[in-house]
Amino acid sequence: MAKELDFLTKRSVDYSKWYNELVVKADLAEQSDVRGCMVIKPYGYAIWEKMQRILDDMFKATGVQNAYFPLLIPKSFLSKEAEHVEGFAKECAVVTHYRLKTNETHDGVVVDPSAKLEEELIIRPTSETIIWNTYKNWIHSYRDLPLLCNQWCNVMRWEMRTRLFLRTSEFLWQEGHTAHATREEAEERAQQMLKVYANFAEKYMAVPVVQGVKSETERFAGALDTYTIEAMMQDGKALQSGTSHFLGQNFGKAFDVQFLNKENKPEYAWATSWGVSTRLMGALIMTHSDDNGLVLPPALAPIQVVIIPIGGKPEQMEAVNAAVAPIVEQLQQMGISVKYDNADNKRPGFKFADYELKGVPVRLVLGARDLENGTIEVMRRDTLEKESRQIEGIAEYVKQLLDEIQENIFQKAVKFRDEHIYECDNYEDFKERVKDGGFFLCHWDGTAETEAKIKEDTQATIRCVPFNVEQTPGVDMVSGKPAKCRVLIARSY
Numbered sequence: 175m176a177k178e179l180d181f182l183t184k185r186s187v188d189y190s191k192w193y194n195e196l197v198v199k200a201d202l203a204e205q206s207d208v209r210g211c212m213v214i215k216p217y218g219y220a221i222w223e224k225m226q227r228i229l230d231d232m233f234k235a236t237g238v239q240n241a242y243f244p245l246l247i248p249k250s251f252l253s254k255e256a257e258h259v260e261g262f263a264k265e266c267a268v269v270t271h272y273r274l275k276t277n278e279t280h281d282g283v284v285v286d287p288s289a290k291l292e293e294e295l296i297i298r299p300t301s302e303t304i305i306w307n308t309y310k311n312w313i314h315s316y317r318d319l320p321l322l323c324n325q326w327c328n329v330m331r332w333e334m335r336t337r338l339f340l341r342t343s344e345f346l347w348q349e350g351h352t353a354h355a356t357r358e359e360a361e362e363r364a365q366q367m368l369k370v371y372a373n374f375a376e377k378y379m380a381v382p383v384v385q386g387v388k389s390e391t392e393r394f395a396g397a398l399d400t401y402t403i404e405a406m407m408q409d410g411k412a413l414q415s416g417t418s419h420f421l422g423q424n425f426g427k428a429f430d431v432q433f434l435n436k437e438n439k440p441e442y443a444w445a446t447s448w449g450v451s452t453r454l455m456g457a458l459i460m461t462h463s464d465d466n467g468l469v470l471p472p473a474l475a476p477i478q479v480v481i482i483p484i485g486g487k488p489e490q491m492e493a494v495n496a497a498v499a500p501i502v503e504q505l506q507q508m509g510i511s512v513k514y515d516n517a518d519n520k521r522p523g524f525k526f527a528d529y530e531l532k533g534v535p536v537r538l539v540l541g542a543r544d545l546e547n548g549t550i551e552v553m554r555r556d557t558l559e560k561e562s563r564q565i566e567g568i569a570e571y572v573k574q575l576l577d578e579i580q581e582n583i584f585q586k587a588v589k590f591r592d593e594h595i596y597e598c599d600n601y602e603d604f605k606e607r608v609k610d611g612g613f614f615l616c617h618w619d620g621t622a623e624t625e626a627k628i629k630e631d632t633q634a635t636i637r638c639v640p641f642n643v644e645q646t647p648g649v650d651m652v653s654g655k656p657a658k659c660r661v662l663i664a665r666s667y
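Following the numbering used here, the numbering of the sequence shown begins with 175 at its first residue and continues without gaps.
No lab work stands behind these hints, which were simulated from the structure alone. Here a beta-carbon is modelled for each residue, glycine too, at the ideal position from N, C-alpha and C. All the pointers check out, no bait thrown in.
Taking lysine-lysine pairs in the BS3-like style, the calculated list, with each CA pair at most 25 Å apart, reads:
#: 1; residue 1: Lys-411; residue 2: Lys-199
#: 2; residue 1: Lys-377; residue 2: Lys-234
#: 3; residue 1: Lys-369; residue 2: Lys-224
Restraint-style ranges between C-beta atoms, simulated for each label pair:
#: 4; residue 1: Gln-574; residue 2: Lys-264; range: 48 to 56 Å
#: 5; residue 1: Glu-551; residue 2: Val-269; range: 52 to 60 Å
#: 6; residue 1: Ala-542; residue 2: Arg-607; range: 51 to 59 Å
#: 7; residue 1: Arg-337; residue 2: Pro-440; range: 42 to 50 Å
#: 8; residue 1: Lys-310; residue 2: Glu-358; range: 21 to 29 Å
#: 9; residue 1: Val-283; residue 2: Lys-589; range: 51 to 59 Å
#: 10; residue 1: Pro-488; residue 2: Tyr-217; range: 28 to 36 Å
#: 11; residue 1: Ser-186; residue 2: Gly-567; range: 38 to 46 Å
#: 12; residue 1: Thr-236; residue 2: Gln-645; range: 27 to 35 Å
Construct the complete structure from the given sequences, taking the supplied hints into account.
In structure tokens form, the structure reads like this:
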């Protein structure tokens, strides 16, 4: 490994420090001068754009349309759904004035006290309230339903402890908000969107997830049910990677969104909301990356193939350039993003290290001697294995290799996840083992008291009641009472 990467802390030494360093060193993001906020750099944003593009197409395939709603929400809107406002009250940033003025010494600005708003405005922590206030004007009859909207935007939740991508005061996300004529339709939509998220995570991010429903304590504020996908990071902690909420008629009633049903009787609309955020970037980094840097699944890599020439005499470089040109063209025609880095201001060793750090899935190296032999060096980022291949047919081979890397990364993550899922029914045993990470399947009596004790004793939480786990009778490991279900418990981000 080139000496340029000596600075990256090893995961085994300090996993948290490794993550923080990697995000910055790989040019994904950096801290902003605005407290709790981040700057997403072009390389990091390119990954997010790919995520956004794929998810957007997946949403639209289910009938969803994009819209945009205001950033600022009147304070009175949040007061209309009691549980919702209580859930977000401590995280809200409030706009109180609409004007600044020059200070008395004319060397700065101050808030103009005469420009106080009649009603304070909340920077959106989520948009249920403003959207359902709008839906009141759009929904009158069952013929107006279902209404399926999504918006790509930023939100603000005032966080005390922040970490790039995983938890920041401002973050990017999408939030879907749908209205339905029946409970059954709304519940079906909420579960359908969870499946979309799970499919995206596994097929494109190569991140295996556990699907399930949250406990009442862990539900979204104002929801009747919250469905979740939970991913396991390499330190054994869980990362909630997407949620979908069945909101019942709570927001329909709060904002008086009524429609005339087929019997010509007024009825409140049924609601869902669902979202994923730039937190997915954290999941991508922590699931796959290694001590050399990022490991990106080809489906989301901004650069899927990098080609690096090894310098020689000018005429040799001309020959290498000429040999590379058709390879680049063939790869691009296959829909593969490729970069030919023939800049002469960086050594090949630096380039090797830099592209490894940035997780480019395939590296091709071609020098004058390779050209004479009709060969090219191929390195795959997931295993760091190198091989020499014939130049002829290299584009087809690389296309196949990218598919193989995508699958290999996923299977590696599945194997790690499955090896760290444990059944446990002894509380003392659980308290010791959960410190080392992992997902624990435990019987639970269904009470908030037991849930709170587990969290207080171990910092672990009930992540969900998983869908694909057989629910066998048992006894709660904490209370000794008959269990209502087997749940997934883990420490989390």
